[in-house]
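Student: Those protein sequences? They're chains A and S, same order as listed. Using the working numbering, you'd call the opening residue of the first sequence number 1 and step up by one each time. Using the working numbering, you'd call the opening residue of the second sequence number 339 and step up by one each time.
To be clear, the hints were calculated from the coordinates, so they are not data collected in a lab. Hints may contain errors.
In silico DSSO-like cross-links for lysine-lysine, where the CA-CA straight-line distance does not exceed 30 Å [what the hints assert, rightly or not]: (1) Lys173(A) x Lys381(S); (2) Lys301(A) x Lys447(S); (3) Lys201(A) x Lys244(A); (4) Lys67(A) x Lys447(S); (5) Lys202(A) x Lys244(A).
Cβ pair distances, simulated, as ranges [claimed, not checked]: (6) Ala167(A) x Ala431(S): 25 to 31 Å; (7) Ala431(S) x Ser313(A): 53 to 59 Å; (8) Arg85(A) x Ser396(S): 21 to 27 Å; (9) Gly427(S) x Met48(A): 51 to 57 Å; (10) Ala431(S) x Asp282(A): 32 to 38 Å; (11) Lys447(S) x Pro84(A): 47 to 53 Å; (12) Pro172(A) x Glu365(S): 53 to 59 Å; (13) Val318(A) x Thr441(S): 37 to 43 Å; (14) Phe146(A) x Ala431(S): 51 to 57 Å; (15) Gly140(A) x Ala373(S): 22 to 28 Å.
Given the structure is predicted, the values throughout are model-derived calculations rather than measurements. Note that beta-carbon positions come from the ideal geometry of N, C-alpha and C, so glycine has one too.
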Amino acid sequence: MEDFRKLSRRDFVTISGRAGLTTLVASAMGLNLGVVQVVKAAMSGKVMPFRFAILTDAHLFSEQDHKFDGFLADAVDSVNGMNPRPDFVVYCGDIAQNGRDDQLQKGIKILSKLSMPVHYIPGEHDWYLDMGAAWRGHFGSPTWSFDHKGVHFIGMNSILVRDFWTAAGMSPKERMGTMEMLESPIAGPWGVREEQLEWLKKDVKNLSPDTSVVIFTHSPLWDYYPRWNFQTEDAPEVREILSKFSRVMAFHGHVHQTVYNRIGNLSSVGTISTSWPWPYPDVKLAFPEMRMNRSDPGNFKDGEGAQHIDLESDANAVMHYDPFGDMLTPTMKNGFRV
Amino acid sequence: MKCNTIYRSWVALGALGLLLQTVDGREPFTAAELADQEAALLKVVDHGRDLWHGSNPSMSTNGLACGNCHPDAAASNPHTFPKFQADLGKVIALRDMINWCITVPQGGKPLDANGDDMIAMEAYAFYLNRGARIAPGFATEQTSPVVVKSGVGYPKKGSGVGYDK
């Protein structure tokens with residue numbers, strides 16, 4: 001018992017994890033085998049193997065030499081050092097904390113060190129000070145698609161809310177402040193809205209159903225926890241438009257945590273941030289083994305990092321979280337099939 | 339003679355008991371009194387919610403507030419205190435943990451441990467975790483707050499300040 005008391009929290013978690021290892025391994029096998037079967041039945045084999053990386057949710061403040069600046073820079077170094085080298089990086093939103101252009105510019109400066117192209121989508125922290133004016137000035141349209149080595153990639157702006165500020169007489173700063181608070185009920189649910197849904201219909205209209213599709217949004221394309229906008233209100237419409245494809249892989253920011261789900265043909269993967277980890281809401285997850293270990297509050301980089309995805313020749317996708325610290329459960333340690 | 343003395347003593351004790359009941363007893367709180375007490379509590383919870391989300395600039399020098407890592411007071415685990423805090427190397431109370439978070443990750447100035455602001459912070463954390471089992475000690479699992487289903491766009495209209503009944 002005395003020895004037990006000397007254990008650090010991380011040691012304790014590790015031992016606790018070992019105790020349940022059999023269960024976890026069994027769960028992992030079940031998960032992976034299940035996905036493999038689905039994937040092999042669905043893919044056309046037209047994909048050339050490659051890797052891409054995801055960085056997200058830096059939440060940069062305006063203060064000089066803020067600790068989050070260094071965390072993002074470290075994640076950039078991590079991606080630059082990957083072997084094989086990612087073909088490109090997707091940034092999944094929330095470069096800024098308060099929507100300020102100086103914060104966006106700081107992020108652009110740090111991300112410019114990446115040695116590969118970067119594609120951007122916005123988060124709510126980038127958008128609601130000036131309704132995306134500065135963001136669009138730097139990155140152009142938040143709605144885009146491109147094809148790469150046999151895969152169709154889509155980016156969309158999922159953080160659009162109904163106008164809550166005009167009737168309330170809010171200033172831009174007050175509007176931004178409302179959006180900054182995760183659990184603020186004032187702004188209501190997010191969505192991609194009608195214009196982007198129409199764009200999406202046209203974008204995928206001529207694609208063959210056996211095309212591998214990857215879609216990026218800031219918020220999850222499923223109802224995870226609406227209270228914190230861990231959801232997209234019109235995700236069912238997005239999923240319906242993409243339902244013709246054998247398989248769709250969706251990656252999202254915003255949740256600052258590892259999380260995984262499958263709905264029909266769509267597999268959804270959450271990403272870790274470079275700022276702080278969000279706790280898990282009280283929601284029963286279909287794949288609870290994909291929850292990362294609880295972060296050590298004394299280690300400011302625990303629970304954060306980058307991630308990369310390896311697309312294989314048969315279009316299997318293997319997701320790898322690349323955390324700064326040791327936070328992954330056995331199921332995630334060596335990557336998992338999406 | 340001896341029995342008579344004992345009898346008289348019991349009578350005296352009984353009379354004293356009746357007297358004490360008259361002096362110290364009281365009727366249960368009325369509905370109006372209970373409403374006032376709850377309103378007083380929720381006012382303090384409200385203040386705690388504001389502090390939790392950055393209303394006092396002295397609590398942070400880097401822009402971070404408690405709500406950044408603990409939305410709806412999630413993972414603040416108030417019901418697991420007192421417990422051993424590895425960074426401090428000793429068993430601490432919730433208020434010590436709150437001040438640790440203010441001074442270390444947020445780089446701010448600690449609250450008076452016995453002041454009204456600290457009581458408000460504790461009130462918010464406990465209120466958002468009401469119903470949780472009291473379990474002092476190690477918390478290796480992240481615990482979750484009360485599930486809130488209130489506000490614009492949600493099934494039930496609530497107070498709009500982050501908690502609901």
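Student: Going straight from one Cα to the other, do Lys301(A) and Lys447(S) come out at no more than 30 Å?
Tutor: At roughly 22 Å apart (the allowed maximum being 30 Å), Lys447(S) and Lys301(A) satisfy the hint.
Student: In this structure, is the beta-carbon distance linking Ala431(S) and Asp282(A) contained in 32 to 38 Å?
Tutor: violated (25 Å)
Student: If I claimed the Cβ atoms of Gly140(A) and Ala373(S) lie 22 to 28 Å apart, would that claim hold in this structure?
Tutor: Once the Cβ atoms are compared, 56 Å apart, the range 22 to 28 Å for Ala373(S) and Gly140(A) is violated.
Student: Please verify whether Lys202(A) and Lys244(A) have alpha carbons no more than 30 Å apart.
Tutor: holds (13 Å)
Student: Tell me if the beta carbons of Val318(A) and Thr441(S) are separated by a distance inside 37 to 43 Å.
Tutor: Cβ of Val318(A) to Cβ of Thr441(S): about 42 Å, so the range 37 to 43 Å holds.
Student: Does the alpha-carbon distance linking Lys173(A) and Lys381(S) stay inside the 30 Å limit?
Tutor: Since the Cα atoms of Lys173(A) and Lys381(S) sit roughly 26 Å apart, the hinted pair holds (cutoff 30 Å).
Student: Within 30 Å, alpha carbon to alpha carbon, are Lys201(A) and Lys244(A)?
Tutor: Within the cut-off at roughly 11 Å; holds.
Student: Using the C-beta atoms of Pro172(A) and Glu365(S), is the stated range 53 to 59 Å upheld?
Tutor: 55 Å Cβ-Cβ, so the 53 to 59 Å window holds.
Student: Just tell me: holds or violated, for the beta carbon distance of Phe146(A) and Ala431(S) against 51 to 57 Å?
Tutor: Holds - the Cβ-Cβ distance for Phe146(A) and Ala431(S), about 55 Å, lies within 51 to 57 Å.
Student: Taking the Cβ atom of Lys447(S) and the Cβ atom of Pro84(A), is their distance within the range 47 to 53 Å?
Tutor: holds (48 Å)
Student: Verify the CB-CB distance for Ala431(S) and Ser313(A) against the hinted window 53 to 59 Å.
Tutor: Given range 53 to 59 Å: holds, Cβ gap about 58 Å.
Student: Starting from the range 21 to 27 Å, see whether the pair Arg85(A) and Ser396(S) falls in it by beta-carbon distance.
Tutor: Between Arg85(A) and Ser396(S), where Cβ atoms are some 46 Å apart, the hint is violated.
Violation of the numbered hints given earlier is confined to hints 6, 8, 10, 15; the remaining hints are satisfied by the structure.
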